[in-house]
Amino acid sequence: MTLSDNTSRANWTILFLCWLVAGVSTLGSLFFSEIMQFPPCVLCWYQRIFLFPLVFILATGLFSGDKSVARYALPLAAAGWLVALYHNLLYAGIIPESIQPCSRGVSCTEDYISLFGFLTIPMLSLLSFSSILALLLLLNRRFSR
Amino acid sequence: MKKQVVIFSGIFLILLFVLGGYIYKNQQTKKLGFLAQEHAEIFVRPHSPTLGSDEAKVYLVEFMDPACETCSAFAPFVKKLLADNPGKIKLVIRYAPFHDGADYFVKILEAAKKQGKYWETLEVMYQSQPYWASHHNPQPELIWRFLPGAALDLEKLKNDMNDPAIERLITQDLADAKALNVTKTPGFFVNGKPLVTFGDTELRQLLEAEIAAQYPR
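First to last, the sequence lines map onto chains A and B. First residue of the first sequence? That's 1 in this note's numbering, and the numbers climb one at a time after it. First residue of the second sequence? That's 1 in this note's numbering, and the numbers climb one at a time after it.
So that you can see chain A by itself, here it is in the shape it has in the complex:
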């Protein structure tokens, strides 16, 4: 498969953007927990578990130019996106909190910040997982073409 320089540059840029989103989200989440001292709830931890490795996997892809990086990163992004979606539904009260498993320790529906009235931490997580997922799917399609 020979790709023109332009296509490969565009692909690299998409991957780079993807990595940027993951990196900013990782540092942002660390900022909340380590600097602002918000204790992460159980669901936040699951999202972090899927988010943090993305930074390293995507960076490795950026360095090696290995096209399979999109396929390796996709399951992580998808799983993280699902947890984030669940968390947001819980937060919005669409799923009642009684049936969720994280009543121990920190409540998953506690309000910490809300920027501009709607950007809560779970919402930020969903946004970043959504954009990572979308970019990876796009990349995957371009590579398999």
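Certain hints may be false.
As a list, the in silico DSS-like pairs of lysine-lysine whose alpha-carbon atoms are at most 25 Å apart [as the list claims (entries may be wrong)]:
1) B:LYS113 with B:LYS88
2) B:LYS79 with B:LYS184
3) A:LYS67 with B:LYS3
4) B:LYS2 with A:LYS67
5) B:LYS79 with B:LYS113
6) B:LYS158 with B:LYS117
These aren't lab readings, by the way, just hints derived from the structure by calculation.
Got chain A sorted already, so can you dock chain B onto it with the hints?
Coordinates of chain B only, in the frame set by chain A:
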């Protein structure tokens, strides 16, 4: 070239993180003042009764014993200090019930707090202290003659006094008093600085120095 972009963006993001953290911490320290100090919780526990504005930057922490004569004698003076510096001082009461049976009076105070009558009850307690706390013949029950002066629901008070939370709070306060080396009452701290030589002039000086430091003209 591409690799450099990744490395530089990575470094940039991390620097941004560190800088952001630094700015945030600085802001918090400014906002919280004394409370942001390390170990501030040893001086002010969430359960501690406080008097004065939340915006006050000078915390006057008093380890007191309701049965202590000097605490009682000092109370009007502390009140005056607060009145002389409106909005700048926050009084925090911590318990060091060193006198035998003084726990009983702490329990009354804490139960009164649940009725929103803490400071009134403390006032009544101090004023009636000579009657119930005489050294050769302490008669704690006599306090009940005076408590109606604070307009308390006495039945509720008797129930609330048995709350095990009060017991835990006394234990915590005594542990903090021990850690801070408070062996006599009243023990004063101004933003964490102990009143080394006991006396009203000394306390006023310590407070005024801290007010001058916190509220530069």
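Hint-by-hint comparison with the structure:
With a C-alpha separation of about 23 Å, the suggested pair LYS113 (chain B) and LYS88 (chain B) falls inside the 25 Å cut-off, and the hint holds. Distance check on the hinted pair: LYS79 (chain B) and LYS184 (chain B) sit about 20 Å apart at the alpha-carbon level, within 25 Å; holds. A threshold of 25 Å between alpha carbons decides the hint, and for LYS67 (chain A) with LYS3 (chain B) the separation of about 16 Å falls inside it, so the pair holds. Distance restraint check for LYS2 (chain B) and LYS67 (chain A): the Cα-Cα separation of roughly 15 Å lies within the 25 Å cut-off, and the hinted pair is therefore satisfied.
In summary, the hint linking LYS79 (chain B) to LYS113 (chain B) is supported, as the alpha carbons are separated by about 19 Å, within the 25 Å threshold. In summary, the hint linking LYS158 (chain B) to LYS117 (chain B) is supported, as the alpha carbons are separated by about 14 Å, within the 25 Å threshold.
In summary, this structure violates none of the numbered hints.
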